[in-house]
Each structure stands twice: as C-alpha cells, then as structure tokens.
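Chemist: Protein chains in written order, with the working numbering: chain A, 2 to 149; chain B, 79 to 586.
Check the hints yourself; a few may be wrong.
[Stated by the list, open to error] Reference listing, derived: stretches of chain B covered by chain A, where coverage requires no fewer than 3 residues with Cβ under 8 Å from a Cβ of chain A:
1) 126 to 139
2) 293 to 302
3) 408 to 419
4) 464 to 475
5) 533 to 546
[Said to hold, decoys possible] Within a straight-line C-alpha distance of at most 27 Å, the following computed BS3-like cross-link-like pairs (lysine-lysine) qualify:
6) B:185 <-> B:331
7) B:465 <-> A:112
8) B:578 <-> A:58
Derived by calculation from the structure, the hints in this document are not laboratory data.
All figures in this text were calculated on a predicted structure; none of them were measured in a lab.
Cβ coordinates follow ideal geometry from the N, Cα and C atoms, glycine included.
The residues making up each chain are set out below.
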Amino acid sequence: MKAQDRYVGIGLLIFCAILYANTFTFRTTHWEPLGMAFWPRLLIMLLAAVAVHLIIKGNLDHGGRTEPLARGAFVTAAAGFAYIILLEPIGFLIMTPIFIFIFSVVISRRKGLWRMVESAATACLGTIAIYAVFELGLKLVLPSGLLE
Amino acid sequence: MSPLTLDWAVIQEGLSLVLQPANLALICAGVVGGVIIGMIPGLTAAMGVALLIPFTFTMAPQMGMCFLVAIFVGGISGGCITAILIRMPGTPSSVATVVDGYPLAQKGQAGRAIGNAVVASFFGTIISGVILVFSAPILASFALKFFFSEYVAVGVFGLTAIAALTGSAPSRGLVTALFGMITATIGLSEVDGLPRFHFGWTEMTGGIKLLPALIGIFAVSQIMHEVTQKQKMELLDKSRIKRILPSWEDMRKNLFNYLRSGIIGTIVGVIPALGGGPAGLIAYAQAKSSAKDPSRFGKGAIEGVIAAETANNATIGGALIIMLTLGIPGDPVTAILIGGLMIHGLQPGPQLFINNPEVIYAIYFSVFFGSFAMMLVMLSASRPLSKVVEVPRQILLPLLFVLAAVGTYSLNNRVFDVAVMCVFGVIGYIFDRLNYPLPPFVLGLVLGPMIEINFRKMYSSYGHAWDLVTRPISLSLLILSVASFAFAVWRHRRLTRLSKASAPEEGE
Chain A
2 MKAQDRYVGI GLLIFCAILY ANTFTFRTTH WEPLGMAFWP RLLIMLLAAV AVHLIIKGNL
62 DHGGRTEPLA RGAFVTAAAG FAYIILLEPI GFLIMTPIFI FIFSVVISRR KGLWRMVESA
122 ATACLGTIAI YAVFELGLKL VLPSGLLE
Chain B
79 MSPLTLDWAV IQEGLSLVLQ PANLALICAG VVGGVIIGMI PGLTAAMGVA LLIPFTFTMA
139 PQMGMCFLVA IFVGGISGGC ITAILIRMPG TPSSVATVVD GYPLAQKGQA GRAIGNAVVA
199 SFFGTIISGV ILVFSAPILA SFALKFFFSE YVAVGVFGLT AIAALTGSAP SRGLVTALFG
259 MITATIGLSE VDGLPRFHFG WTEMTGGIKL LPALIGIFAV SQIMHEVTQK QKMELLDKSR
319 IKRILPSWED MRKNLFNYLR SGIIGTIVGV IPALGGGPAG LIAYAQAKSS AKDPSRFGKG
379 AIEGVIAAET ANNATIGGAL IIMLTLGIPG DPVTAILIGG LMIHGLQPGP QLFINNPEVI
439 YAIYFSVFFG SFAMMLVMLS ASRPLSKVVE VPRQILLPLL FVLAAVGTYS LNNRVFDVAV
499 MCVFGVIGYI FDRLNYPLPP FVLGLVLGPM IEINFRKMYS SYGHAWDLVT RPISLSLLIL
559 SVASFAFAVW RHRRLTRLSK ASAPEEGE
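Whenever a hint applies, use it, and build me the whole structure from the sequences.
Modeler: Right, dumping it as structure tokens:
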C-alpha cells in the first residue's frame, strides 16, 4: 500500500487526541507531585510526535512491500468475537461445536459431504476434548449458559 | 541471604521436585507439545507457551514453570524438522537452518540433517543453561543494589535496545513500543490506586492483563493470518529420512562450532527483542566465515545447520538470564513466562532469587532435563512427529482459537479478558501485516509500568530526578541507552543511504 505509514500516522493522531482528551477526566491527586496523568500524557505526546513523523514520511519501506490485510482474517476475528460474546449466555457446550463447525466449513477446501463430516467430527471431538481437559481435568469452570 | 549463596537444601529440593515421576512426565509432555507446535509452520514457541499456560494454573509454581520452560525448549527445537523437510521454518528461530538443511534433505540426507540439528539444539540449550546457572546469581546480586533510578534506567535501556533492532524503520518499533506502554496505563494506577482510561466501563478499571493481550497478539493474530494462507504443506518423500542419529565424525568436527554458536546464541538471547532467528543467522555467518571452504555453505553444509540450531536454542538461556534477574523479557516467550510467574504471585527480579530460590532451581533443572527430553523425543520420534504438519488447517485453526479463548477465560473467569484477547489479536494482525514489529509492543507492555512506577516513586521521594544521572549504575545504563539509540539512528541512515544508492543501479 502506497503511503501506508501516512494512514497509520493519521489513525494514531486521532487515537492520541481521544486519549489525551480522556486524561482530563482523571482524578487529581494531592499526595504525589507528578499526578497520574503525567505518564500517559508524556507517552501520548511521544506517540503523536512519531505519528507526525509517519505522516510526513508517508511510507518507510522505501519501495518495499507489505502484505495486504486480508478480509478473511477480519471475518475470522468477527466470528471469534461473536463466539466470545455468546459464550456466557448460551454456554460452552452449545456454542463451541457450532463455532468450530462453521469455522471449519468456511476455511475447508474439501468438497461435498466429506467437508461436512470432517467439520462435524472436528466440532464434536474438539469440544469434548477441550471440555474434558479444562472442566474435568483442570477443574476450571466453563460457562454453562442455557444448560445451567 | 544473597543470590550468590548456594543453599544446597534448596538445590536438593529443586532437583528432587524435578525428578519426581509426575514432573518428569510433565516435562516430557511439555517438550512434546512444544515440538509439535514448533514444527507447524506459523505456530511459534510463544504461541505454544501462550496456549498451554492455562494448564499451569492449578500446579505449584515450580511445576508450572518446569512445564512452560519445557514447552519453550521443545518449541524452539521443533522448528528445525519442517525447515529441513519442507523448506519452511516451523518457527522464526529456524530460519537459518533452512539454508543448508533443505539442500541436505534434497541430497537424501534429511536424517543426517535432522539428527545433527537435534543434537546441536541440545548442546545449544545446555551451553546457555550452564551460562544461565553461573551468571544469573551474579547479575541478580548486582541487581539487588538497584533502587528507583536504576529500575527506570534498566527500563529505558530495554526500550532503546528495541530501537536498534527494528530493522530499517525504527519509528515503527517506537510506535508499537509506545502503544504497548500506553496499553499498560489502562486500569488502576499502582501508585495512586485510581483508574485511568476506563471510558466508563467497570471491566476496564481492572486494566489490560498481560496474558490476554499476549495470547491475542501472538496466537490469535497468527490464527487470523493462517486462515488466509492457501498453500498446502507437503513433506518430502519420507523414505529419505534414513539414519537419524548423527555420526560421531560430524559431532567431533563441530565441537568448536557448538561452543562458539552456543555463546553467540546466549549473548543474543540476553538482548531484548532479538530472539532465535537473528542468533541463528549470526552464528551461521560466523561458521561460514571461519570454514575452510565457505563455498559449500548454502549447498548442504552440516556445519551451517549445526551453527544455526545451536545458536537459536542457546537464546533460551540468554533470555531467561535477563527475565529472571531483571524482569525484562528477552523475547515474547519470556514475556509470557513472566505472566506465568505473576499468576502464581511471583515477581521476576533479584528478590525471586532470595524469596523463592526453589522456583529458580526448578527452572534451571527444567532447562537441562527439558533439553535431554527434547533430544530423546526428537531423535526417536522425528518420523511420526513430522506427520503433524499435514494436519489440515480446517481442523487445527478452529481448535487453536477455542483453546486460546478457553485458556484466556480460565485466567479470571471473565469474558472481558477473552474480548481483550480478540481485540489484541486484530491489533497484532494489523501491525504484523504492515511490518510494525510486535516484540517492542511486549517490551512496552512489561517495561512501561516499571519505568512509570519507579520514576514517580523516585520523584515523590526526593522531589527531583537527579538520581538518574548521579548514581553510577543508572548513569551507565542511560549512557548505554543513548549509545544504543545513536547506533539505531546511524544504522538506519546507513541503510537508507545504501538503498538509495542501489536504486539507480537497479534502474539501469
């Protein structure tokens, strides 16, 4: 991407502005001379300075290439996020096989029925194995959700 | 008690703990898990330790650390198998192994290459382990003299070291380091006991915990990347893996190579953010320059494989030295190990040598026993283990994501932590794709609070910060920091000049 660092710089400047504004909501303390906004503000100002440098430079790669951001990766993250959000209300034993099955089917390059069978087997066996290790083996409590 | 004092009762306690059958089995399991994860291209030792860390929650701290160190040893070592067989380093540490390992495999000497790589990994770990045992107590007893100003200077030095190591664009390293430091300011301020950057969310007042952020940055971002990869991994014709045990002749001829590469790897391991990849490349270059016939290198020279593998494994001891004595993560794995120690209420640093020496000795012994286990496992089971790389992505990736999510959830039984993991996965993926290095982020996350807390305590105690330049240790560290930064600027300018000079030539 041409001038990719410029876009990163602009994003960082916006990020810095939001954070800097938020430092004014910090409670003022009288027991310590520097105050708790001192350090974050210093870091934000440094980051803003680097962001300005990135905006001026535009692209630090000097003709080198960076790998493009893939949409599939963000879809994965979004699906993962949805899984996490639903994990507590619906429960591990229901959400996990559904998530694994969908994830596996979407990224699989197999065709036909075998794709479904393989994904279903991964979902069932994977969920059982992880549940057995964490809940039964390590005695960690996983969200039971609707099964409670 | 000084860290230099040898307490034989504690050493015996550490040894007897490691020698318990359950613990030995745990070390073997950790090594096998690490080797498998290390072998699969894309999955790193950091990811392995991050994914398996929840298994240590219910263990005693010593046992937990033994397990994690064993994964570390296995993870770094496992990468050589795929580097040799499919020209794809399982971990970034094995990048130099490819250069001569794959040509050897093509010549039908894959077994010889793997055998020598495994033995070299063993020697590398042992050499760095010995250096760790003898140098860590000395450094820890030196670190006991540290006060606020020294800790600030150590933190600053750790951060400037990354500026020197972030390729041709130090500003990118600076961005990720500052981002890590800002991330560390979210939540309760340790000095004031009041929240910062919580944006009205109750969960945010608890702050961003180290482990969810690291699991996101190293495991989830990698899963996101792997999802988009199309190529299928196929092994070389396995009939070519014949005799795996290396010959006595190969070992005898490379005794000095083991030693030199082991020392190089340990020194590189001590420097924050460098890691196994550069260590292997530096040792490889040294082996090549001192060889009688350097032209053999790149075409299947066993010395190249040995140098690379000895050095990348030797970074384990080096990274553990500064992690244990100063609390500075030498690489992402040790950052996660710091998180593992903190879960058990232990803080790495000189006090750990005094208050919990049994943990220190357990770590020492697990380095040695882990490397023995690694050698046994890899020499006896390289052939069946190599089939792991053929596990389809559609099976592996969903399971790894769930494992990462469940592991993160089990830290505090909070869905918020898992969401943090996911958010940092996205941030890590974006940084990684745009060539913004991730190790500085980890250093910022760990060293940021160290600098802030000690600086503010120093300032509130004395009303000034002159201690930074009037106390000899902190002054020396600050001078080193300036030198390190100046070196980074000089190198960056030189690289820019060289690339500009080579551009017209290419145009012609």
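Chemist: Indicate, hint by hint, whether the structure satisfies it.
Modeler: Hints versus structure:
no. : hint            : result
1   : 126 to 139      : holds (count 4)
2   : 293 to 302      : holds (count 3)
3   : 408 to 419      : violated (count 0)
4   : 464 to 475      : holds (count 5)
5   : 533 to 546      : holds (count 5)
6   : B:185 <-> B:331 : 21 Å, holds
7   : B:465 <-> A:112 : 23 Å, holds
8   : B:578 <-> A:58  : 15 Å, holds
When held up to the earlier numbered hints, the structure conflicts with hint 3 and nothing else.
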